[in-house]
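Each chain, written out:
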Amino acid sequence: MSDPYAELLAELDRSVQTIRDAALRLKKAAAGMQAVERNADRVLASTRMLEINVSDLVRDTEGFASWGDGTDS
Amino acid sequence: MSTTPNSAAATYWNPILETLPPERLREVQFRKFRRIVTWAYENSRFHRAHYQEAGFEPGDLRTPADAVLVPTVDKGHMRGIQRKDPFPYGDMLCVPLERVTEFRQTSGTTGQAVYQADTWQDWEWWAECWSYLLYAQGYRDHDRVFLPFGYNIFVAFWAAHYAAEKMGCEVVPGGVLDTEARILKMQELETSAMMATPTYVLGMAEKAHAMGIDPRTDLSVRRITCAGEPGASIPATKHRMEEAWGAKVFDHCGATEIGAWGFECEEQSGGIHVNEGLFLAQVEDLDTGALIEEPGRRGKLIITALDRIGMPCVRFDSKDVVEWADGLCSCGRTFRLFKGGVVGRADDITKVKGVLLAPSAIEEVVRSFEEVGDEYEVTVVKRGDLDEISLKVEPAAGVDLSGETLDGFLRCLKDQLRLKTNLGYKVEIVEPGSLPRYALKAKRFKDLRKVNG
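Chains as they are written, first to last, in the working numbering: chain A, 1 to 73; chain B, 1 to 453.
Looking at chain A on its own, in the form it has when it is part of the complex (with noise of 0.2 angstroms):
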């Protein structure tokens, strides 16, 4: 039986990762600036809520909101 929600998932998807993208972007454009940087994290964070609740289910993630500073493991 075919996935009812498979389309919707693959949709939902591509948002949450062009959202991600946009995020780390700032992060990196922000020459430092906490106002934006640490906004952005929250975004980052908020981001891997919608990874967990839509992109896990159709594809493997990295299961954490990659910070993007070296920091990242």
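To be clear, the hints were calculated from the coordinates, so they are not data collected in a lab.
Virtual Cβ for every residue (Gly too), placed ideally from N, Cα, C.
In silico negatives: residues of chain A with every beta carbon more than 10 angstroms from chain B:
| id | residue |
| --- | --- |
| 1 | Arg14 |
| 2 | Val16 |
| 3 | Gln17 |
| 4 | Thr18 |
| 5 | Lys28 |
| 6 | Gly32 |
| 7 | Met33 |
| 8 | Gln34 |
| 9 | Glu37 |
Which chain A residues face chain B? A few, computed with CB under 10 angstroms, are given here:
| id | residue |
| --- | --- |
| 10 | Leu44 |
| 11 | Ser46 |
| 12 | Leu57 |
| 13 | Thr61 |
Could you slot chain B onto chain A? The hints should help.
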């Protein structure tokens, strides 16, 4: 055009994940399990050494059945490594210290307190776990939720606060107010829901009556979520709370080291759902450690938080005694149920007169008698070579326990206790208000045999 889960969105926080076909759910769980095991192995010196010592490495996880190959972790391991660098968490930490935003610790009920680090992502995850459970219990954005707890180093209802906010509820922090002030604030604000330990739920009702306030008619609370003690899954205790407040009382299960892993849903079908989207629960035989997959057999819960990264919880030996329920809940979730919630603790179950006894069985009997109040105390002592078990109860308000009434009551109580626990008790009726009152977790079962030598 996508298939939409709109109709189910009224019932479930995540209508897709919560109703995922079981085989699909197992597949997602295994992928996530493999990921968190690998994460722990690669980022925590403790986990790497622990696994290497057992001859295990993440590459050994080829099928879901291989999950049992991962060595378990318990509080003893955590206590053994903390207070060392990276201070104060030790080698279990998987992220640089600067990524830690939250400190909490266990209450230390079973020994030295355990410290728990969380990143902000983990804290978001805590709130996500609680969002699943609060939504399943009917909390919605029109609720005004009162949280009468201490907002301190214990995790308690912290995540419930953040989850209720995320869901759009209006949250009233009851912080440092005393019980009387909390009751008055709840009355003033007409709060519709609250969360507390069963002991405190009953204690608040008692205090409210002493203030001339009947929670059923003078307060607006219609939904209560409990944590910290097993009472909300003990039918007699749940009934007492629901009667006292005129509210639906729901249970939830969780722990500082694990997260909020289980919840009772609005169907109240006599069990606790495991949030299998975010956790992997395995039940192991108390003696042999063999995996129990079928309903009706009690075992010990070994649990993994599939998405917690700061200090991962992988195959944690919770010591909670549980059993799988037969069949799925009528709510439509495919998350399996533990029948009766957590029915005991592997380290609570003790032998008295050679009989295995779970303190929750005594509570179930005592709280089923309307003649007695909410507090009771059980003491086990050694007289020579023999164990002696005593129970103290207080008469309920307005109940006269004397003469023939007393004889009949004692006979019934002792019969029920013998029936449910296979033990004979020395029962004493004490003055109302003379037994200890507890604000949070109660200690009503006192085993003095070791103290007495």
